[in-house]
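Novice: Sequence:
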Amino acid sequence: MKKTLFLLLLCVLTAPFVRAQYEEIGIQVGVTNYKGELSEHLFNTDFIHPFGGLFFRHNWNRHWSWKVELNYGKISGDDSKADNGFELDRNLSFHSNILELSPQLEFNFFPYETGNLAYPFTPFVFGGISVFRFNPKAELNGDVYELQPLGTEGQGTNNNKKYKRIQIAIPFGGGVKWTVSERIGMGIEVGARRTYTDYLDDVSTVYPDLNLLLAANGAAAVALSDRSFSSRDTSNSSYVFRNQRGNSKDKDWFLFAGITIYFRLNSMIKDSCKPFKKRNYH
7 MKKTLFLLLL
17 CVLTAPFVRA
27 QYEEIGIQVG
37 VTNYKGELSE
47 HLFNTDFIHP
57 FGGLFFRHNW
67 NRHWSWKVEL
77 NYGKISGDDS
87 KADNGFELDR
97 NLSFHSNILE
107 LSPQLEFNFF
117 PYETGNLAYP
127 FTPFVFGGIS
137 VFRFNPKAEL
147 NGDVYELQPL
157 GTEGQGTNNN
167 KKYKRIQIAI
177 PFGGGVKWTV
187 SERIGMGIEV
197 GARRTYTDYL
207 DDVSTVYPDL
217 NLLLAANGAA
227 AVALSDRSFS
237 SRDTSNSSYV
247 FRNQRGNSKD
257 KDWFLFAGIT
267 IYFRLNSMIK
277 DSCKPFKKRN
287 YH
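My numbering puts the first residue of the sequence shown at 7, with every later residue one more than the last.
Worth double-checking, as some hints may not be accurate.
Distance ranges between label pairs, derived from CB positions [claimed, not checked]:
(1) E46 to L123: 53 to 61 angstroms
(2) L111 to A225: 30 to 38 angstroms
(3) E188 to D89: 46 to 54 angstroms
(4) W72 to M192: 16 to 24 angstroms
(5) G91 to I190: 50 to 58 angstroms
(6) I33 to F92: 21 to 29 angstroms
Only pairs whose alpha carbons sit at most 16 angstroms apart, straight line, appear in this in silico EDC-like list of lysine to aspartate or glutamate [as the list claims (entries may be wrong)]:
(7) K80 to E29
(8) K168 to E145
(9) K168 to E188
(10) K87 to D52
(11) K170 to E152
(12) K257 to E188
(13) K257 to E46
(14) K143 to D84
(15) K255 to E188
(16) K73 to E29
In short, the hints are calculated from the structure, not lab data.
Yeah, the Cβ is synthetic: ideal placement off N, Cα and C, and Gly gets one too.
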């Protein structure tokens, strides 16, 4: 009798934790977007690009999980799509690939367990940290140039340091997920990334001294620093030394939104307390 009571107590205390912990691997595909000097809104239909990713998730219980993602996508922006005179005259553009590694915490609003029809669906939120690499580029006369090495805002002149192309961001967002089968689940997720750089688009501060830039980084750097002349029927540029080129106080953002499909690695643990339960949820 004592042994039976002990086993019953042990099952009651440990089963919710043991049964709920499991791992998943998955893929996600969707679209990217960007907000910065060359796109005023975080979701702009002119600058939608595809992305794909892989993830691993450890579920501590039916509400909390830890996930690490590896994502790859593209972002872009272009002043020619703007609707105000300053940006149209500035006439800058860029594109960049993004490679991101991001550990995150997830919270499920409803109890959820992949493969368990008693807990088949939940909305969720997440937050974490992101380490990502970017490399803004632009086209000039049919050739594509990496912008960071050119120092288009005077980086590399007068001891001005060039910005780093590996940066951190704070990812946060949410979505919904649901069980498809005993081992497979799906979800829809939207996640914004608030970065700590203003150079996703290579635009942040003011126009440099073009003579110094020419001497330090060459003619391509000068041509890609000030492109305003190419947007008007005139041979004169609107360039003025130290005039505004961007807004360094407003950091850049990017966004991933898409569909996830994931696979439960370990099967549901058999209910070791089944002799003491009247209801089996699996």
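Novice: For this structure, which hints from the list above don't hold up?
Specialist: Result: hints 1, 2, 6, 7, 8, 9, 12, 15 break, sorted rising.
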